[in-house]
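Visitor: Heads up: the protein sequence lines correspond to chains W and C, in order. Quick note on numbering: the first sequence equals residues 102 to 392 in the numbering used here. Quick note on numbering: the second sequence equals residues 184 to 500 in the numbering used here.
You may find that some hints are simply not true.
Just a sample of chain C residues kept apart from chain W, beta carbon distances all over 12 angstroms, derived [said to hold, decoys possible]:
{"#": "1", "residue": "E283"}
{"#": "2", "residue": "P298"}
{"#": "3", "residue": "A398"}
{"#": "4", "residue": "G402"}
{"#": "5", "residue": "I411"}
{"#": "6", "residue": "R459"}
{"#": "7", "residue": "I476"}
Derived coverage of chain W by chain C (criterion: at least 3 residues anywhere in the stretch with Cβ under 8 angstroms from a Cβ of chain C; other residues may be distant) [to be verified]:
{"#": "8", "segment": "225-232"}
{"#": "9", "segment": "346-360"}
Facing chain C, from chain W, some residues (calculated, C-beta under 10 angstroms) [unchecked claim]:
{"#": "10", "residue": "A165"}
{"#": "11", "residue": "G167"}
{"#": "12", "residue": "I368"}
Keep in mind the hints are simulated off the structure, nothing from the lab. Note that beta-carbon positions come from the ideal geometry of N, C-alpha and C, so glycine has one too.
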Amino acid sequence: MTAIAAESQPRVARRGRMRRRFTRRPPAVVGLAGVVIVVFIALFAPLIAPYDASASNYNDILLAPGSPGHLLGTDDLGRDLLSRLLVGTRASLTAGVLATVLALVVAVPIGMVAGYFRGWIDLVVSRATDVVLSFPFLILAVGLAAILGPSLVNAAIALAIGQVPIFVRIARGEVLGLREEEYVQAAVVNAAPTRVILFRHMLPNILGPLVVQVTVGIPAAIIGAAVLSFLGLGVQPPTPAWGTMLSEAQQYVSQAPWFAVFPGLAIALTTLSFNLFGDGLRDVLDVRMGS
Amino acid sequence: MGWYLLRRAGASLVTLFIATIVVFAGVRGLPGDPAVALSAETSNPQVLQAIRTEYGLDKPVPVQYGLWLSHAFRGDLGTSPNTGLSVSQTLAERLPITLELTVLALLLAVVIGVPIGILAAVKRGSAADYVASTAALGGLSVPHFWLGILFILGFAVNLGWLPASGFVPLTDPGANLAHMIMPAFVLGIGLAAVVMRQMRSAMLESLGADYVRTARAKGMSGFVVVGIHALRNSLVTVVTVVGLQLGALISGAVITEQIFIIPGIGKLTIDSVFSRDYPTLQAVVLLTATAYIVANLLVDIAYSLLNPRIRVAGGSA
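Excised from the complex, chain C in its bound form:
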């Protein structure tokens, strides 16, 4: 197992390393003087010269990349030309908001998707299965940002139950949740559909397996068979699916934050595109890529803990 994880972690590091090159090259490929961008758009030649020296912009490109990386590694991601604030500081303020949103969405997806998936598998071919499977396909097909607009229309404009948009810090938990519940639901519903579909097919496979038949033959109750034996093996699939969907979750957060005007990383991304705030854009892209790579590594670790076969085989991935 140690070897497998070590190899897996090594591959992640290589991927991350190449990703930093792509991010660096992508932003360097944009028009404009990077020194001006890094300096919050000053035209003072002395300041610009100081920045060029500090970031090595007068040096060859590979050296520049190394300096940029070492600055980024130490948490210095430059200064936003629009606000004049340190990009790292802005990220630190915005990140917890997006984390709260995605964790809530993930929680909702699992709480909705897993039980319905189990139910659909156990009652295979029934009306409940049919309704659940159709609803899941619907959940996959409905564009979430449209769902968000409909929710605002229904629950905020017409019924007045929930605030239409905005964000309240966690210091006021009630108001925070009232603002977060609609966005979290909008973001989580597509994932819930994916989890449900995968849970259903994984459970169907488990329920048809020999060990389940043996457990039933031993006279175990249906609850124990389904809830303990079949579920444990099916959860492996769910973990994988959630891992694979993390990118979709981050993408979804971008648009959800835009609709509900939540000041998280996603909104920051879009704002930085339109205000041509390249240091911020660069930092956000780097941050999301890093988060995604690390999360996938964690999923693989969880996967190997849940499924001993991978550990023994050393992993074929």
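If we strip away everything but chain W, and leave its shape as in the complex, we get:
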């Protein structure tokens, strides 16, 4: 019923109200601003970066922040840290978005079909998600990276597989709840094809929880990708990535602490932005996250 009521309201008015509810939450707005900035940096990194992120200069290694020409200092190969951080945004965001979107695209149809048809399909899907969930995500990712070989895309695939069960469960649960709604029943009576019922009628009504999970999934995948890169199973040097930079910095932690501080700060601020934004979105869309 609520879905019908919401649908019959003028869409513009509803959007306006949601926007007001969102902008009334300062942390959410800060989060959104952070996300926009991160996306902007990722898109235009090579243009903003003061130096070529891969250009080493052995005369200027491990310079402290504030050194002339190097705002955040340099790394062990004399590469400009600021430039590497900016360009590194690309790898992190790519991994986070790719892993989450990949999981979304694969999982939602599976979960919806399982929830709609129930029966043996549901049983098979539920068991399969249980199996995937029974492997702790890093163990799964490490195992897959070992099989597929280390690279950014493979790390994203591994992280996506870890996220699939979560999206499957959400989509399944939501569709299970919507099945008995009158508009779905009406579509069934009108002999609408199942494809139309699922994706034209039901999908728009389950988007809320899925969108909120996307804002949870992206920062989680960003950290996951950083962890894999840190372990040497993600982005390969010399491509700059925050996780790889941290593992390079670890051996110089007593000589050049800033080298380890900045990449971690970049990860923390990015994930914090997504989390603040996601929290605000959850309140606005009024999504209750169940287990």
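Given chain W, work out where chain C should sit, using these hints.
Guide: Here is chain C on its own, set in the frame of chain W:
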């Protein structure tokens, strides 16, 4: 209740069974002769033939799987090609270290997360609530491995209070704790944030419930209402959350052990990936999956003990 638990245990067994197939297939999908891997990389054809016969590698794949499973069931997980040691023996040595780390982290998470969560809920909307909630979001956003590096920098390199890395067995409890406290904190802090957030929202829900209002109306002290009535129901949520986070805890242990150079299961996992020690990798993945499935079953049992409604309803899960 009996039926519910029996069904739940049955489902866990099925999951575990499928997980063993996945682990077997995953490692079998890797390039290389499994007999060579199992034999610690020997090239002696007689030894290889003996291993092929013992593990049935000359038999059809389903039979091989059955033999592998029966060996694993009896505790024979093969031999590491790198060290020549029995994988089960290595696991037995490393497991207690990871267990200590995760139990300490779990303890810290509950000790930090539960009281702060209660405080934030009781003082809802106050400055304390705001600070606690923001700190929790921070705890969720900060990558733990970075926190680990910062801790080493602060407490070991600069202040010199704690050892930077390494492990000392429990036979020397003081030194053991000194080595474990930083890793346990790093591993536990994210979980503490999750526990705090869930505790806060569960307490808010409990505090708004009719039975709490009744208890207050009866004139019970605020302490009894919050500490006994509301808390008991909120703890159900915490148990669930901790259960759901066990996978994250195991994943976190892998990276924490790597940073602090603790010779537990996590470090073994990463080392086995890089040294292409597949029998060990296979065993570790199987072990963690089993541990996770069993732990989740235990959480469900605890859940049904804490929440009688699930027992009565027979469980919808």
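Visitor: For which of the previously enumerated hints does the structure constitute a violation, in increasing order of number?
Guide: Hint check: 6, 7, 10 and 11 fail, others pass.
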